[in-house]
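Visitor: The chain contents come next:
There are 2 protein chains.
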Amino acid sequence: MLTPGFTGGTLDRADAMRHDDDALAAAMGNWQARLLVLHNWEPEVTDDGRLGWTMLTEAPDDAEFVLLGLDRGRPRFAALLPGQGAPPPFRSPTLFNALEQLQPGEAATFATARSLLDWHARHGFCARCGTATAIFRAGWGRRCPNCRAEHFPRTDPVVIMIAEHNGRALIGRQPSFPAGRYSALAGFLEPGESIEEAVRREIGEEAGVEVGAVRYVASQPWPFPSQLMIACIGQALTDQIMLDTNELEDAKWVSRAEVLAVLNGTGDAFIAPPPYAIAHTLLDAWARELA
Amino acid sequence: MLTPGFTGGTLDRADAMRHDDDALAAAMGNWQARLLVLHNWEPEVTDDGRLGWTMLTEAPDDAEFVLLGLDRGRPRFAALLPGQGAPPPFRSPTLFNALEQLQPGEAATFATARSLLDWHARHGFCARCGTATAIFRAGWGRRCPNCRAEHFPRTDPVVIMIAEHNGRALIGRQPSFPAGRYSALAGFLEPGESIEEAVRREIGEEAGVEVGAVRYVASQPWPFPSQLMIACIGQALTDQIMLDTNELEDAKWVSRAEVLAVLNGTGDAFIAPPPYAIAHTLLDAWARELA
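One line per chain: the protein sequences are B and L, in this order. The first sequence begins at 1 in the UniProt record's numbering and counts up by one. The second sequence begins at 1 in the UniProt record's numbering and counts up by one.
To be clear, the hints were calculated from the coordinates, so they are not data collected in a lab. Don't be surprised by glycine CBs; every beta carbon is placed ideally from N, CA and C. Any given hint might turn out to be false.
[To be verified] In silico contact screen, one side only, chain B against chain L (beta carbon under 7 angstroms); selected entries: (1) M28; (2) Q32; (3) L81; (4) Q84; (5) F125; (6) R128.
[Unchecked claim] To give a feel for the contact side, a few chain B residues facing chain L, derived at Cβ under 8 angstroms: (7) T10; (8) R13; (9) A23; (10) G130; (11) A134; (12) R143; (13) D156; (14) E197.
[Said to hold, decoys possible] What follows is a list of derived Cβ distance ranges for each label pair: (15) B:G8 / L:D48: 26 to 32 angstroms; (16) B:P60 / L:K252: 48 to 54 angstroms; (17) L:R256 / B:S176: 31 to 37 angstroms; (18) B:P175 / L:K252: 52 to 58 angstroms; (19) L:D250 / B:P274: 43 to 49 angstroms; (20) B:Q235 / L:P93: 52 to 58 angstroms; (21) L:Q84 / B:Q235: 38 to 44 angstroms; (22) L:H19 / B:R143: 46 to 52 angstroms; (23) B:P60 / L:A132: 42 to 48 angstroms; (24) B:L237 / L:Q84: 38 to 44 angstroms; (25) B:G8 / L:L263: 34 to 40 angstroms; (26) L:D48 / B:D22: 34 to 40 angstroms; (27) B:A149 / L:Q174: 50 to 56 angstroms.
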């Protein structure tokens with residue numbers, strides 16, 4: 001079984017408590033309740049790769065609480081700070097560093113909190129009528145006091161994939177990538193598409209490569225801000241690349257041996273995506289013939 | 001390869017045209033441009049299971065156009081009618097009937113149009129600042145004239161799955177189902193979850209059954225209003241059911257023989273979901289050992 005980054009969280013999401021005001025109030029009053037420490041949207045990481053937590057009383061007076069779940073019965077919250085604005089669109093060097101150090105299960109809890117808080121920060125108004133909305137369901141939704149519309153956190157499915165042809169994999173680089181970095185291709189799934197269709201369309205649009213059969217490999221949540229990354233492999237019908245330079249700066253075919261050498265630090269065909277990115281999991285699984 | 005309903009569409013989405021106002025204007029002026037016929041959000045279906053189309057000039061003066069794509073180079077649009085409101089939450093008998101008759105590839109085009117138009121109808125205001133937004137990118141987004149936020153159609157990932165134990169599959173029925181209908185279990189994937197984790201959580205919450213390994217089977221878009229249905233099979237670690245009666249009215253284990261008999265019309269263990277629903281594809285593939 002593959003274990004991509006941001007998976008393996010151990011919190012019980014305690015869905016029923018979101019609908020039970022009394023249970024929620026009791027959880028907030030529980031002496032074992034804890035609040036996720038976030039500094040400017042970034043986690044605090046302990047020496048052993050765990051998240052930092054504090055008392056709920058450490059939150060500002062105007063904070064609103066989001067129930068992340070229960071850790072062996074102990075309530076775990078994150079705080080929404082009115083007026084804090086939305087997180088920056090790019091990951092800072094300190095956040096990159098934190099993500100490298102967090103244990104995967106801990107990263108899963110951070111991912112849940114970060115996606116939820118980001119959604120609240122960007123969705124304070126009713127998309128249906130424009131009125132300011134209020135938090136409900138322990139932070140898992142917002143409701144409009146005017147038209148009564150209920151809004152729920154959004155998760156955007158993204159397909160992320162390599163094409164495969166005669167034992168080689170297609171990887172590409174976006175202009176925004178760090179120097180030397182190549183990764184799987186990726187793009188948002190659109191309304192009216194299946195996963196398999198989105199994989200074929202994206203490889204076709206970005207690299208001009210026609211793809212037949214598509215197989216699913218693994219998935220991960222990606223909290224910048226709230227994607228579901230769906231990793232697949234598409235069987236290319238050709239190895240001719242026709243690049244869309246609006247999307248990709250370069251794309252190339254690499255062998256299993258080249259990918260393995262890059263991942264074990266002995267090769268320089270390209271610089272791999274970080275271990276917590278599912279593109280890393282995908283390339284590793286493909287190179288080791290596990291996917 | 002499995003072919004769930006609402007997949008196999010043949011329109012070229014012509015992504016580049018969404019960013020090219022001149023090309024879009026030319027497409028709208030093209031004498032071969034056509035407009036999808038919708039009556040109260042429902043398609044017109046020809047005798048051979050195809051969608052009905054008309055001239056763009058048939059749209060009301062205040063209609064806005066959404067570019068669905070190109071059919072062998074010929075532009076295809078749908079019309080957004082201001083003030084029409086949002087579609088009803090439930091499928092009408094006439095819509096059920098249309099869906100039974102549409103060819104799958106045609107249903108895919110309808111799904112794209114319906115999801116896009118529904119999203120516009122429910123998202124006329126900026127979620128970030130509350131200002132009325134305007135359509136852009138040929139109908140594939142809305143932009144806020146005040147804060148400049150760009151909003152894109154949402155697609156909500158839903159996991160839909162059977163649990164499997166000793167050659168039997170777990171199916172369930174919601175109170176709202178027609179009498180006798182059973183289907184796969186299903187639920188929205190939440191922020192911070194992988195597909196596999198959502199499958200385990202949902203089966204646990206709804207049926208109290210613990211699941212180990214999860215395998216992906218297939219996916220389909222579901223345009224009521226805009227789900228991505230992700231069909232999976234979870235390996236149950238037990239066959240003891242503990243029902244959450246808020247979610248399910250009943251759940252039970254069925255054999256491959258029972259499912260096959262239901263699907264070929266000779267069995268009465270339950271009434272199957274309609275062929276265009278991926279739950280049907282999933283049950284069929286499982287029963288025939290193709291998944």
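Visitor: Now tell me if each hint is right for this structure.
Guide: Evaluated hints:
The criterion of a C-beta within 7 angstroms of any C-beta in chain L is not met by M28 (chain B), whose closest approach is roughly 21 angstroms, and the hint is violated. Interface hint at Q32 (chain B): violated, since its Cβ lies 22 angstroms from the closest Cβ of chain L, which is beyond the 7 angstroms cut-off. Below 7 angstroms, beta-carbon pairs count as interface contacts, and L81 (chain B) has none with chain L, the closest being about 16 angstroms; its hint is therefore violated. Because the beta carbon of Q84 (chain B) sits about 14 angstroms from the nearest beta carbon in chain L, more than 7 angstroms, this interface hint is broken.
Annotation: F125 (chain B) was flagged as interfacial toward chain L, and the flag holds, the nearest CB pair being 4 angstroms apart, inside 7 angstroms. Using the Cβ-Cβ criterion of 7 angstroms, the hint placing R128 (chain B) at the interface with chain L is satisfied: the shortest such distance is roughly 5 angstroms. Given hint, T10 (chain B) at the interface with chain L, is violated; its Cβ is 11 angstroms from that chain's nearest Cβ, farther than 8 angstroms. Because the beta carbon of R13 (chain B) sits about 7 angstroms from the nearest beta carbon in chain L, less than 8 angstroms, this interface hint is met.
The closest approach between the C-beta of A23 (chain B) and any C-beta of chain L is roughly 14 angstroms, which is over the 8 angstroms cut-off, so the hint fails. At a threshold of 8 angstroms, the smallest CB-CB gap from G130 (chain B) to chain L is about 4 angstroms, leaving the interface hint in force. The criterion of a C-beta within 8 angstroms of any C-beta in chain L is not met by A134 (chain B), whose closest approach is roughly 14 angstroms, and the hint is violated. Interface restraint check: R143 (chain B) against chain L, minimum CB-CB distance 13 angstroms, threshold 8 angstroms, status violated.
Here the hint on D156 (chain B) is kept, as its CB sits about 7 angstroms from the closest CB of chain L, short of 8 angstroms. For E197 (chain B), the interface hint holds, since its Cβ comes within 8 angstroms of a Cβ in chain L; the closest pair sits about 6 angstroms apart. Between G8 (chain B) and D48 (chain L) the beta carbons are some 50 angstroms apart, a value that contradicts the proposed interval 26 to 32 angstroms. The hinted window of 48 to 54 angstroms between P60 (chain B) and K252 (chain L) holds, with their beta carbons roughly 51 angstroms apart.
Hint check: R256 (chain L) to S176 (chain B), Cβ distance near 50 angstroms, so the stated range 31 to 37 angstroms is violated. Look at P175 (chain B) against K252 (chain L): about 55 angstroms separates their beta carbons, and that is inside 52 to 58 angstroms. The supplied range of 43 to 49 angstroms is met by D250 (chain L) and P274 (chain B), whose beta-carbon atoms lie about 46 angstroms from each other. Restraint check, Q235 (chain B) to P93 (chain L): a C-beta distance of roughly 42 angstroms breaks the suggested window 52 to 58 angstroms.
The given range of 38 to 44 angstroms is respected by Q84 (chain L) and Q235 (chain B), whose C-beta atoms sit roughly 43 angstroms from each other. Our hint of 46 to 52 angstroms for H19 (chain L) and R143 (chain B) is violated, since their Cβ atoms are close to 36 angstroms apart. For the hinted restraint 42 to 48 angstroms between P60 (chain B) and A132 (chain L), the CB-CB distance of approximately 32 angstroms leaves it violated. Remark: the range hint 38 to 44 angstroms for L237 (chain B) to Q84 (chain L) is upheld by a beta-carbon distance near 43 angstroms.
Our hint of 34 to 40 angstroms for G8 (chain B) and L263 (chain L) holds, since their Cβ atoms are close to 37 angstroms apart. Between D48 (chain L) and D22 (chain B) the C-beta distance comes to about 58 angstroms, which lies outside the given range of 34 to 40 angstroms. The hinted range of 50 to 56 angstroms is not satisfied by A149 (chain B) and Q174 (chain L), whose Cβ atoms lie roughly 23 angstroms apart.
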